[in-house]
Amino acid sequence: MSPQSHPATDDRTAGEERRGPRFGVPEPGYDPSAPEDVTVLPAGSSATVRTYVRELLRRHRRAFVLLVGVNSGAVLASTVGPWLLGGIVDGLAAGREDLQLGRATVLFALALLVQTVFTQQVRVRGAMLGEEMLADLREDFLVRAVRLPPGVLERAGTGDLLSRITTDIDRLGDAMRKAVPQLAIGLVWAALLVGALCVTAPPLALTVLLALPVLLAGCRWYFRRAPHAYRAEAAGYAAVAAALAETVDAGRTVETHRLGSRRVALSERRVAEWTAWERRTLWLRTVLFPAVSLSNMLIMGGVLLLGGVFVLQGWIGVGRLTTGALLAQMLIEPVGLILRWYDELQVAQVSLARLVGVREIEAEDGRGPAPRGKDVRASGVRFGYLAGVDVLHGVTLDVAPGSRVALVGPSGAGKSTLGRLLAGIYGPRHGEVTLGGAALSELPAEEVRRHVVLVNQEHHVFVGTLRDNLLLARQDADDAGLWAALGAVDARGWAEALPDGLDSAVGSGGLTVTPAQAQQIALARLVLADPHTLVLDEATSLLDPRAARHLERSLAQVLEGRTVVAIAHRLHTAHDADVIAVVEEGHISELGSHDALVATDGPYAALWRSWHG
Amino acid sequence: MQIRDLPYDDPGVPDVRSGFRLLLWLGRMQMGGQCKALGWGVLHLASIASFPAVAGLAVTAVVDRSGGDLALAALAMAVVTLTVTTGDTLLHRAAVTNWITAAARIQQLLARRTAALGATLTRRVAAGEVVAVSTGDIERIGWCVEAVSRFSAALLTTLGVCVALVVYQPQLGLLTCAGMLALALAVLPLLPSATRRADTQRERAGRATELAADTVAGLRVLRGIGGEELFLTRYRRASQQVRHAAVRTARMWSFIEALQVALPGLLLVAVVWYGTRLALDGRIAVGELVMVYGAISFLLVPLQLFGEFAMSYSFSRPSAARAARVLGLRRPGEEQQVTALPARPDARERAAPVGSTDVREGLHDPATGLRAPAGLLTAVVCGDPDAAGHLAERLGGHPASAAAPGAAAGTENAPQSAAGEGAGRAQGRRREGEDVSVLLDGTPLDAMPLARARAAVLVQDKDPVLLSGTLAGLLDVPSSGAVDAGRALKAAQCDDVLAALVQGSPDAEGDPMRARITERGRSLSGGQRQRLALARSLLTDPPVLVLDEPTSAVDSHTEARIARELAALRSGRTTVVFTSSPLLLDSADRVVFVHGSRAAAAGTHRELLGCEDAYRAVVTRAPQSTAGRPAESRAGNAQTEGAEST
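Heads up: the sequence lines are chains A and B, in that order.
So the first sequence is residues 1 to 613, counted in full-length UniProt numbering.
So the second sequence is residues 1 to 646, counted in full-length UniProt numbering.
The reader is advised that the hints may include incorrect statements.
[To be verified] Estimated spans, in silico, between C-beta atoms of each pair:
| hint | chain 1 | residue 1 | chain 2 | residue 2 | range |
| --- | --- | --- | --- | --- | --- |
| 1 | A | E560 | B | R564 | 36 to 42 Å |
| 2 | A | R50 | B | A186 | 30 to 36 Å |
| 3 | A | D478 | B | D463 | 35 to 41 Å |
| 4 | B | Q304 | A | D170 | 44 to 50 Å |
| 5 | B | D463 | A | A599 | 50 to 56 Å |
| 6 | B | V436 | A | G561 | 48 to 54 Å |
[Claimed, not checked] Coverage of chain B stretches by chain A, computed from C-beta distances (three or more under 8 Å per stretch; other residues unrestricted):
| hint | segment |
| --- | --- |
| 7 | 78-87 |
| 8 | 153-161 |
| 9 | 239-251 |
| 10 | 290-304 |
| 11 | 445-458 |
Hint data in this document are derived by calculation from the structure and do not stem from the laboratory.
Each residue gets a CB set at the ideal place from its N, CA and C atoms; glycine is no exception.
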């Protein structure tokens, strides 16, 4: 207990906390909730969040009204008991013999029945409302996420989105499932009780005014500090688990580099950071709790004593005093409910903003002319990820239909970037990339991928059946088509050996698929999607060098009859290409067939010699 | 124990024989805190319980028209207010402190156990369990630890109130006691079903989250090739299932809640009816009737605490069992008593003790006949790709895949059968003679203490993990000190990685060492990650360095430069590189070709290219060669190795 902590005095300046109050716990210096990585995707502005919340409430108006209705019923029924007891007390005090006790008992029992049924309904309706809103929220988010332009995904990565759909949804879970309905319940409840108090004995309701300043001052102090502190506390706790998860994930590396004691020290530092925030929030509650407790007691004591004086003065009867005191006692619960869930809602706002933020990214709606032809051409292309820093400086490259082009060059020279431009993932800053005469950047992703597909290192096997994993490339394919695609990449053998064939569950949690099989699945998808042009990025490191030989045949079959632009790390891939483009520092420095380049005796030739021995 | 004193210097040795014993142990370790919480809890509840008495006093005073009695009641009211407030606040502080110290203790124990298990944890079953304990179970255990003191306080106070009622007004008191007992028991039968439904809900929610996370993780694939609608439909289905399960759970709870309204309500009705009759007969005063009514309303509070405790216990029991299982995991061969790891990095780690003696002999694997002479760069080419990783791991001694910790702890029948199969395969792959230890300068590595073996030989596996943090943090590894960060980064050709890192961390202000690396280095490309990992290993500068495919994702231009720098940096040190890249092979002092499970030939890259068909097939991957088929080994002028082994 801190006698000094009168809530209202602690609240002068923002800098006050830095000095540190004599009692209490100032904010710890380190804030785990401060973002460490650059968030590439935006968080929603408060206007977007407000619009969304309004829309959400409108969608669930009926459920909301219903909840408030049953809740009011339950509260009103619960005030019957105190009323009846008040009447009885009145009668007893007056010394009346005929109290109609039987009638009162039956009424009480009926009210109890109503209250029971309605309380049960409140709980169910509250959960229904919360769950519906939560389901809407997570489904809305995924709908938006899968419409994001590929360029945004490529640049932002999926990590940020991933943490939004897991952590933020999780945090919102409690808010939607409990905070929204409970707050509604608490507010209605408290209002009705105060109303009942007013009806019973208007002068007694004055005590609410007596207690209100204490409650408000305490809450104001608390709610100014609480949201940030709880956010930091939650992030701190998550960081403890994250440090451990990383140690587990990196078990082998931790052991080989003898990092064990460093990891233990890190975990303990995280524990210290997290518990520092636990201390802070505990202190905040140490101030809030007495304020709430005090105001509750003020109301109850006030009703009892003021009422007592009123009765002695003959202004109200004993019965009303009894009813008033019991109603005042009942106020504790809704007040607690409101306080309990209000800060949950505040914390949830941040998560909501992060979820809704995805809506602010414009989905491209480009509708350029449809391509006529299959030739891909880059002319005078300049492009950079940051303003003023170009990665490509005026690249021109023609890819004839059916030809094989290899892009080689050192890391960071821009070959991957060029590949992405040719696949229509990014639009050039200057110049243009066309497919059959149509500018790729003006076509929607759904159209582009019918013609050109980028194949990168990612060979994600989705959680689900093998069929799901293939169907995504061509949703109208029948089983025969799927088997044919698997056959085309030499995957039919192991696929047929799976316990449930196409219906076997794969992906995390299902059957473990070897990396080579995962790559074959990725290749089978390409067969099904059947684009005429493929851009292979690091396609050879996609193929594990050890498993590579088994897969090269599969790949060769997929490439058969298609235009291929290969970003080659391994020279033997380049060797077979029709045209080799050596990319250096954002330019194409050499261009020609393998034999021609070896004959010119330039940088490519030198590399080839050291490779081939 | 105060929160400010966390973390513990020594979290202690937990009793891991069962979940229940673990809970007991936790309770024992914070006996003081539990007693404190119990004390404040009793004060809190007793004060609340005495409020109806004060109210009764006031009503009596009013009925008796006594101003003095009313003032007395006011005084009592003030005292009760003070004790309720104090008790409430301090109970909360004590209970939360118990929760947090228990959670911190388990987190610390987990961190130590994880560090001790190291590579043996990479098996999925065990790894998943550790993470599950740290993310979900600890909260439930903490809840139970916290609830127990409030439960005992409620129990004590309820007993007190009942006794007081019986003494004060036997008939009413007995009626209340019987009612309370019935109420406390009435909810219990519903709890198992409610917990079951909550479990189903959690499981479905986990499934939906997994689906969403999986869809998002593969989003680039989806956007690149299609199938968004398919996956959205699937997710909607899962999401709606979660909703239904949640509403089902809520329905169950709503019945429990309704019971908690109806049963005490019935008791109230009975008490009012009976009490009024007593009052009518003049056997009790009006104020006493109000008091009894208030006392029964009060009893709702402990009733809820009973329910909460029953729930927290039923939730935390499986969690505690899992925590006990995880904390009980042992490395094969690890001493049964837990060796407490020092929390701070040990200074002695920095000086690698082994290898300073006679190093001429180098590394020798009797099982395959592979030899890596001291001070040379030996490249190893494996005909069988699967064997290479296994062999590389063996070279470090104490191979983790030899026996998984799960087997020792009896978790084989854990649900993830897929992982189990994987382990089975790994075990099946073990070949004859593999239990013979690799020798370092004639000393068996497996017989050496683990820490010494790891300090002597560093095996960088095919998929080294970059730990998140700053670049400086990543490179803060125990090392010989002979190679500085700049030199290691330069040798691994990390210039463009540094540039990318700086670009991605604006708050590093251009200093790459302060730039942040995300978990597993996901913001970097595969090649960039590989080069950073290589730099870290080079910086460590171990007496013997084994690299497994260190440049498989690096482009040929850069790889050529790395090959040169690697040879220069490691000159005079023992280095083994598993690779099939001609660029690396060409820069090695010596190349060993492992075919089948034997070292089949050795020589320089060019020598082997000239005389070993099988070698040439593996290295150049010439499509016309009969790769994959056992080619006959023509020893030629390359010496045949390992004749003296076995």
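Status of each hint after checking the structure:
1. Checking the proposed 36 to 42 Å range against E560(A) and R564(B) shows it holds: the Cβ atoms sit about 38 Å from each other.
2. In this structure the supplied range 30 to 36 Å is violated for R50(A) paired with A186(B), their Cβ-Cβ distance being about 46 Å.
3. The supplied range of 35 to 41 Å is met by D478(A) and D463(B), whose beta-carbon atoms lie about 38 Å from each other.
4. Evaluation of the 44 to 50 Å hint for Q304(B) and D170(A) yields a failure: the beta carbon distance comes to about 26 Å.
5. As the Cβ distance of D463(B) to A599(A) is approximately 40 Å, the hint placing it in 50 to 56 Å is violated.
6. Checked against the hint of 48 to 54 Å, the pair V436(B) and G561(A) passes, with Cβ atoms roughly 53 Å apart.
7. Counting residues of the segment 78-87 of chain B whose CB lies closer than 8 Å to any CB of chain A gives 6, which reaches the minimum of 3, so the coverage claim holds.
8. For the segment 153-161 of chain B, the assignment as covered by chain A is violated, since 0 residues bring a beta-carbon within under 8 Å of that chain's beta-carbons and 3 are needed.
9. Judged by the Cβ-Cβ criterion of 8 Å, the segment 239-251 of chain B is covered by chain A as claimed, because 9 of its residues qualify and three suffice.
10. Judged by the Cβ-Cβ criterion of 8 Å, the segment 290-304 of chain B is covered by chain A as claimed, because 4 of its residues qualify and three suffice.
11. Coverage of the segment 445-458 of chain B by chain A holds. Counting CB-CB distances below 8 Å, 4 residues qualify, and the rule asks for three or more.
When each numbered hint is compared with the structure, violations occur for hints 2, 4, 5, 8.
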